[in-house]
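Undergrad: Take these sequences, add in the hints, and give me the full structure.
So you can see what is in the structure, the chains are spelled out below.
Protein chains: 2
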Amino acid sequence: MKTYTLTLDDLGNIETQNVETIFAQANGFMGVRASLPIQESDSLPGTFINGFYETHPIIYGENAYGYAKNHETMVKCFDLRTLECFVNDEALSVLTERDLKLNLMTGILSETYLYETNSGQQIKLELESFASHFNRTAYAQKIKITALNFSGEVHVKKEAKLLLPNASKAFDPRVREASVNLQKQGNQYTTPNSKLSLYTKFDQIDQTFKLNQTQSFEFEQINQISKENQFETVSYERLKAEQIKIFDTFWSVSDIEIDGDETLQKGVRVNLYHLFNSAGRDGKTNFGAKGLTGEGYEGHYFWDTEMYLLPFFTHTQPEIAKSLLTYRLNILPQAKQRAKELGFAGALYAWRTQSGHETSAYYPAGTAQVHINADIAYALELYEKITGDIIFIQKAKAIIYETARFWISYGFMSKRGFEIHEVTGPDEYTALVNNNYYTNKMAQNNLLYAVRLAHTFKENQEEAKIWQLAADQMYFGYDETSKITKQDDSFLDKEVWDFAHTPKENYPLLLHYHPMKIYKHQVLKQADTILAHMLFAEDKAQVARDFDFYEPLTTHDSSLSRAIHGVVASRLGRTQQAYDFFADSATMDLSDMQGNASHGIHAANMGGTWLGLIYGFAGLHIDNGELKIENHLPKQIKALRFNILYQGKLQSFELKNEKN
Amino acid sequence: MKTYTLTLDDLGNIETQNVETIFAQANGFMGVRASLPIQESDSLPGTFINGFYETHPIIYGENAYGYAKNHETMVKCFDLRTLECFVNDEALSVLTERDLKLNLMTGILSETYLYETNSGQQIKLELESFASHFNRTAYAQKIKITALNFSGEVHVKKEAKLLLPNASKAFDPRVREASVNLQKQGNQYTTPNSKLSLYTKFDQIDQTFKLNQTQSFEFEQINQISKENQFETVSYERLKAEQIKIFDTFWSVSDIEIDGDETLQKGVRVNLYHLFNSAGRDGKTNFGAKGLTGEGYEGHYFWDTEMYLLPFFTHTQPEIAKSLLTYRLNILPQAKQRAKELGFAGALYAWRTQSGHETSAYYPAGTAQVHINADIAYALELYEKITGDIIFIQKAKAIIYETARFWISYGFMSKRGFEIHEVTGPDEYTALVNNNYYTNKMAQNNLLYAVRLAHTFKENQEEAKIWQLAADQMYFGYDETSKITKQDDSFLDKEVWDFAHTPKENYPLLLHYHPMKIYKHQVLKQADTILAHMLFAEDKAQVARDFDFYEPLTTHDSSLSRAIHGVVASRLGRTQQAYDFFADSATMDLSDMQGNASHGIHAANMGGTWLGLIYGFAGLHIDNGELKIENHLPKQIKALRFNILYQGKLQSFELKNEKN
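These protein sequence lines are chains B and Y, in that order.
Just so you know, we're using the UniProt record's numbering here: the first sequence kicks off at 1 and counts up by one.
Just so you know, we're using the UniProt record's numbering here: the second sequence kicks off at 1 and counts up by one.
None of these hints come from the bench; they were simulated from the model.
Keep in mind the model is a prediction, meaning the values are calculated, not measured.
Check before you lean on any hint, since a few could be wrong.
Unchecked claim - List of simulated lysine-lysine pairs, BS3-like, C-alpha gap at most 27 Å:
| # | chain 1 | residue 1 | chain 2 | residue 2 |
| --- | --- | --- | --- | --- |
| 1 | Y | K465 | B | K486 |
| 2 | B | K486 | Y | K415 |
| 3 | Y | K195 | Y | K184 |
| 4 | Y | K649 | Y | K322 |
| 5 | B | K69 | Y | K69 |
| 6 | Y | K336 | B | K504 |
| 7 | B | K517 | Y | K336 |
| 8 | B | K69 | Y | K517 |
| 9 | Y | K340 | B | K517 |
| 10 | Y | K144 | Y | K2 |
| 11 | Y | K517 | B | K340 |
| 12 | B | K245 | B | K336 |
| 13 | B | K517 | Y | K69 |
| 14 | Y | K504 | B | K340 |
| 15 | B | K465 | Y | K517 |
| 16 | Y | K504 | B | K336 |
| 17 | Y | K415 | B | K517 |
| 18 | Y | K517 | B | K336 |
| 19 | B | K157 | B | K124 |
| 20 | Y | K195 | B | K486 |
| 21 | B | K415 | Y | K385 |
| 22 | B | K415 | Y | K517 |
| 23 | Y | K465 | B | K517 |
| 24 | Y | K415 | B | K483 |
| 25 | B | K184 | B | K157 |
| 26 | Y | K486 | B | K517 |
| 27 | B | K415 | Y | K483 |
| 28 | B | K517 | Y | K517 |
| 29 | B | K227 | B | K195 |
| 30 | B | K504 | Y | K340 |
TA: Next up, the structure:
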């Protein structure tokens with residue numbers, strides 16, 4: 001059994017709620033935060049079930065036609081971890097020591113806590129737990145209770161608790177209270193509005209033991225939650241053995257070894273661990289922005305999946321990639337309905353959703369990010385390129401056709417070419433612009449892929465001519481004087497943000513400035529043109545000029561920004577700069593760089609770490625149908641080893657730093 | 001006593017709620033809808049008190065920094081008109097006839113209703129009523145009840161009723177239920193959140209009379225409402241006599257006589273009547289978009305006052321003009337606070353408000369309409385030009401300086417000139433654009449006026465240099481190829497709206513299309529560049545080109561649009577077209593052209609009618625310090641007579657149509 005352990009020493013911020021996120025366990029279906037075993041006010045316990053959300057009507061101060069109708073909030077449903085313990089009738093309440101060891105290689109968490117009662121009677125609590133990947137309905141725990149400095153009666157009560165609404169206090173647009181009063185009927189729990197049900201099979205203990213000093217008592221609990229009222233009984237030991245096997249298989253393909261920088265090595269493995277844990281596996285669920293580890297962004301699925309997570313999954317865990325893409329195929333009807341509602345042809349995917357319906361309550365930074373259509377198309381095309389799985393593409397091709405139809409309808413042909421107006425690109429610090437470079441580039445790619453599929457499957461030939469024409473004539477803004485790619489028609493005309501007079505504590509800007517103030521300036525939240533260049537650009541000199549222009553204007557207020565800049569810096573041979581971006585990205589949640597790891601992991605950034613290593617330092621690319629690498633290792637990294645599944649075959653790569 | 005009567009025959013839509021709006025009575029402090037005397041479900045009774053609003057926190061689906069915090073909704077507080085009547089213990093309930101006569105010359109409404117009980121006992125109700133302009137706390141009624149076809153006991157009960165919340169059903173962003181449970185303590189009524197109080201002195205009757213057939217019974221009621229607990233007792237007859245005098249004085253200056261077109265004559269007089277009635281007189285209140293006649297737009301004050309109403313008041317009722325401008329001076333502190341909150345210098349007036357605080361819950365069509373600053377400055381400058389009242393200007397000049405400071409801070413100097421980005425112009429069918437022509441033109445005027453005042457009052461000399469520079473360098477977009485003034489940087493690049501495939505019932509567009517769809521097209525809600533041309537343009541050929549380009553793209557979905565197009569058409573010598581716009585504008589509410597007269601009058605359009613006649617047909621302008629006119633009468637109008645108070649002196653004008 002391989003061991004690679006994460007401990008509290010690895011964390012930059014060991015506040016309870018951060019620890020609960022980083023050590024959370026999940027299996028794609030359920031996620032359980034590593035909350036304290038004895039209830040405490042600063043602890044934020046939670047169990048999340050992928051795709052289990054409650055709806056609430058969105059209230060608008062001023063409503064308008066076509067606005068998204070409902071919030072969908074992933075429910076924080078149960079506390080599976082808290083126990084009550086009384087020593088000689090005195091409650092155990094004071095935490096004096098804690099020690100967490102997460103074995104990333106096995107997906108098993110070991111915890112040790114020293115607690116005492118007010119009068120000083122001490123108990124050692126030892127927990128072993130995991131969210132089973134073998135039986136995804138099961139959260140398994142083994143609990144050992146030791147009387148440290150007393151002999152007497154120990155009463156233990158542990159049963160799953162329904163979590164009730166708890167109004168969040170601070171204003172932060174990135175979190176919404178996952179508050180819901182689930183309706184209970186027997187072992188069935190139902191959301192009042194969305195009418196989604198969960199069934200449970202909970203273990204429970206409520207017992208008194210006589211323990212002499214240093215004596216222990218041990219018990220196991222398997223708490224099960226399922227979308228169907230069917231449960232399989234599997235022993236703790238069996239679940240544990242299977243967990244170890246599954247993780248072993250995972251790491252045998254997906255592990256990345258970094259020689260020379262233990263901090264980065266740990267950061268990368270934590271990230272891959274969480275990616276493996278929070279990805280939906282059933283084709284009906286996806287990957288929330290915070291995985292299944294916290295309530296940030298309400299559990300919504302964004303473009304993050306396609307542009308930040310799917311490269312990793314596609315290259316190493318294609319079955320998971322297929323499952324995440326299948327989700328998009330399953331919500332295509334909702335996307336078609338949405339396009340129609342807005343008066344356009346084809347399909348428009350929701351910017352943020354679980355059900356497939358648009359839930360963005362601020363369309364300028366939501367629905368207007370129509371690039372999500374092309375992001376999905378891009379990910380599907382990448383999946384085809386890497387896996388060669390044409391059977392799935394045949395199933396999913398409607399996504400490509402319908403998104404292509406949307407572009408034709410949303411854009412228009414002018415004397416300048418095919419233009420796409422009133423969109424918001426990835427950089428949410430400008431909104432509702434015309435001809436966003438990233439959007440147009442991605443739409444072009446979407447259209448060309450549609451053309452290719454139309455030819456492959458010999459269908460939609462007439463439309464394909466229009467798609468080809470729009471792609472060929474796609475308009476891209478370029479400033480001939482400065483030789484800079486225009487982020488959009490108006491970006492270069494804007495006033496430059498006054499960075500010199502912006503105090504540090506005013507970042508992220510979105511929490512301290514009105515959108516009107518932000519939008520009117522040259523200031524970026526995250527990679528936009530630079531992301532497009534990472535995906536498509538061939539002219540290095542152009543990329544360098546754009547990088548030098550846009551990066552200093554970028555606040556990296558979004559966790560999606562640094563990784564992309566790292567990849568592009570690598571390709572430009574700016575190895576040290578690439579390393580700095582990568583280091584930030586690799587340890588973002590361990591160091592709590594964004595200050596909100598308590599809301600859950602930054603999943604997209606975790607996928608971005610993989611991009612930084614593999615696309616960046618290793619320069620992975622396809623050349624004449626073959627995988628090729630290019631060595632951009634920074635001096636801190638002595639060697640880099642990783643595997644890629646290409647066309648069904650596992651290929652292993654090793655890069656060494658020649659400077660060492 | 002002069003008579004000029006409006007009857008039901010003059011209305012295009014005699015549905016109850018429309019009638020209640022058109023025949024509403026108001027005195028600047030209170031407004032009383034002409035609701036049915038016997039309660040009926042389709043009647044919408046209401047008394048509105050200017051500046052009496054309740055606040056509710058605005059709920060945002062996605063909140064952000066600097067968003068407006070509270071709704072302010074003008075309270076529909078009392079029903080002063082409903083009575084209950086029983087004939088031999090049987091309720092009077094069936095309305096069989098009604099006849100309304102509003103004497104516009106006296107501000108007195110006469111109504112006759114025939115009602116019967118289920119068994120057919122008939123009563124004639126005759127009402128005379130007015131909202132007193134002599135004692136603005138008083139709503140006076142004289143009521144006569146006649147037994148038509150029976151003898152017996154008639155029980156009459158009439159007391160002011162508190163109106164309770166009544167959730168509105170249909171979705172319409174232009175209305176919000178004025179629902180509030182006022183807290184009552186003795187004769188004091190207080191809004192629970194905003195803590196504003198009203199005091200009342202209500203008359204009440206609850207009595208039984210014996211009437212023989214054809215016999216009558218008559219009584220008077222004076223219901224009083226005040227912001228202070230002080231009431232003066234004045235007799236009905238005295239109030240009536242004073243009302244007649246006051247209206248006589250009003251019309252002696254403000255009347256406009258149109259020979260040859262009785263429909264227009266009536267439309268114009270109805271409009272002027274309502275303007276006189278709903279204007280706040282105390283410097284603490286202003287003029288709601290619907291006056292005091294309905295709950296549309298929550299009673300909010302917009303730029304409508306400055307750009308559509310103040311020309312009329314300034315030229316004929318300068319005391320009212322001063323009072324409306326004094327309101328802006330009184331809320332200057334809130335405007336300074338708002339600018340600061342958004343990170344800008346100077347003052348930014350709220351787009352919609354009563355208290356002075358921003359209440360727009362959709363900033364792209366609200367706060368982003370920063371042109372309101374310059375609109376207020378324009379109105380103040382016009383007031384100075386027409387009245388010469390430099391004493392008031394000395395008091396109010398801070399408005400001009402603070403708004404000038406805002407422009408310097410909101411805009412910036414680029415190589416193209418002084419640019420103003422991220423604004424929404426009057427045309428709300430494009431939003432968040434750069435260098436909106438109207439905004440830049442108005443800001444320039446604002447800056448130049450600030451420079452002039454700085455010189456006059458010998459102050460702010462250093463700042464004045466910057467103001468002058470920004471004004472001199474103000475950037476205006478112009479398309480050299482088409483010779484069209486650019487509405488904004490991107491307008492000419494947009495796709496043209498598909499008017500041919502837009503069914504009639506899909507207007508106004510805002511109720512049938514998502515903002516993203518509307519904004520991305522060349523389509524206008526109302527005059528924008530054309531409004532700027534009305535105010536400033538000298539090059540007729542340019543105006544004509546722009547008119548021919550923009551007017552066909554304009555839906556006139558806003559009631560503020562037609563009048564302005566009428567004025568400009570007049571000046572271009574397009575007399576017939578001007579007449580068509582004017583005719584629409586003059587009778588807009590009488591004909592219920594916008595389909596929502598039930599929400600209240602379209603006050604701005606009513607002011608627009610005056611613009612159409614005086615700026616348009618009569619071509620009024622100042623030439624070398626003298627008032628000049630220019631005859632643009634259309635063939636339908638034989639003669640036009642009106643007065644202007646210029647520099648304190650009344651000047652009378654008469655234009656005759658030489659073609660007749």
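Undergrad: Next, verify each hint and record whether it holds.
TA: Structure-based check of all given hints:
1. A hinted pair counts as satisfied when its Cα atoms are at most 27 Å apart, and Y/K465 with B/K486 does not qualify at roughly 34 Å.
2. The suggested pairing of B/K486 with Y/K415 holds, with an alpha-carbon distance near 17 Å, which does not exceed 27 Å.
3. The straight-line distance between the Cα atoms of Y/K195 and Y/K184 is roughly 12 Å, inside the 27 Å bound, and the hint therefore holds.
4. Our distance criterion of 27 Å between C-alpha atoms is met by Y/K649 and Y/K322, whose separation comes to about 17 Å.
5. Annotation: proposed proximity of B/K69 to Y/K69 holds, straight-line Cα distance about 22 Å (limit 27 Å).
6. Simply put, Y/K336 and B/K504 have alpha-carbon atoms about 26 Å apart, close enough for the 27 Å limit, and the pair holds.
7. A C-alpha spacing of about 16 Å is found between B/K517 and Y/K336, which places the hinted pair at or below 27 Å, so the restraint holds.
8. Proximity of B/K69 to Y/K517 is assessed by CA-CA distance (about 18 Å); at most 27 Å being required, the pair is judged to hold.
9. With a C-alpha separation of about 12 Å, the suggested pair Y/K340 and B/K517 falls inside the 27 Å cut-off, and the hint holds.
10. The hinted pair formed by Y/K144 and Y/K2 meets the criterion: a straight-line CA distance of about 24 Å does not exceed 27 Å.
11. A distance of roughly 12 Å separates the Cα atoms of Y/K517 and B/K340; the hinted pair therefore holds under the 27 Å criterion.
12. Between the alpha carbons of B/K245 and B/K336 the distance comes to roughly 42 Å, so the proposed pair goes past 27 Å and is violated.
13. Restraint check: the Cα-Cα separation between B/K517 and Y/K69 comes to about 18 Å, which is no more than 27 Å; the hinted pair holds.
14. With a C-alpha separation of about 19 Å, the suggested pairing of Y/K504 with B/K340 holds against the 27 Å cut-off.
15. Our distance criterion of 27 Å between C-alpha atoms is met by B/K465 and Y/K517, whose separation comes to about 25 Å.
16. Distance restraint check for Y/K504 and B/K336: the Cα-Cα separation of roughly 26 Å lies within the 27 Å cut-off, and the hinted pair is therefore satisfied.
17. With a CA separation close to 21 Å, the supplied pair Y/K415 and B/K517 stays within the 27 Å bound.
18. As the CA atoms of Y/K517 and B/K336 are separated by approximately 16 Å, the hinted pair is consistent with the 27 Å bound.
19. Annotation: proposed proximity of B/K157 to B/K124 holds, straight-line Cα distance about 16 Å (limit 27 Å).
20. For the suggested pair Y/K195 and B/K486, the alpha carbons sit about 52 Å apart, so the restraint of at most 27 Å is broken.
21. For the given pair, B/K415 sits about 47 Å from Y/K385 by alpha-carbon distance, which is inconsistent with the 27 Å threshold.
22. For the proposed pair B/K415 and Y/K517, the alpha carbon gap of about 21 Å is at most 27 Å, so the pair holds.
23. For the proposed pair Y/K465 and B/K517, the alpha carbon gap of about 25 Å is at most 27 Å, so the pair holds.
24. Among the hinted pairs, Y/K415 with B/K483 is consistent with the structure: their alpha-carbon atoms are about 17 Å apart, no more than 27 Å.
25. With a CA separation close to 21 Å, the supplied pair B/K184 and B/K157 stays within the 27 Å bound.
26. Distance check on the hinted pair: Y/K486 and B/K517 sit about 23 Å apart at the alpha-carbon level, within 27 Å; holds.
27. For the given pair, B/K415 sits about 17 Å from Y/K483 by alpha-carbon distance, which is consistent with the 27 Å threshold.
28. For the hint pairing B/K517 with Y/K517, the CA-to-CA distance comes to about 24 Å; that is within 27 Å, so the pair holds.
29. At most 27 Å may separate the alpha-carbon atoms for a hinted pair to count; B/K227 and B/K195 meet this at roughly 12 Å.
30. Simply put, B/K504 and Y/K340 have alpha-carbon atoms about 19 Å apart, close enough for the 27 Å limit, and the pair holds.
When the structure is compared with the earlier hints, violations turn up for hints 1, 12, 20, 21 and for no others.
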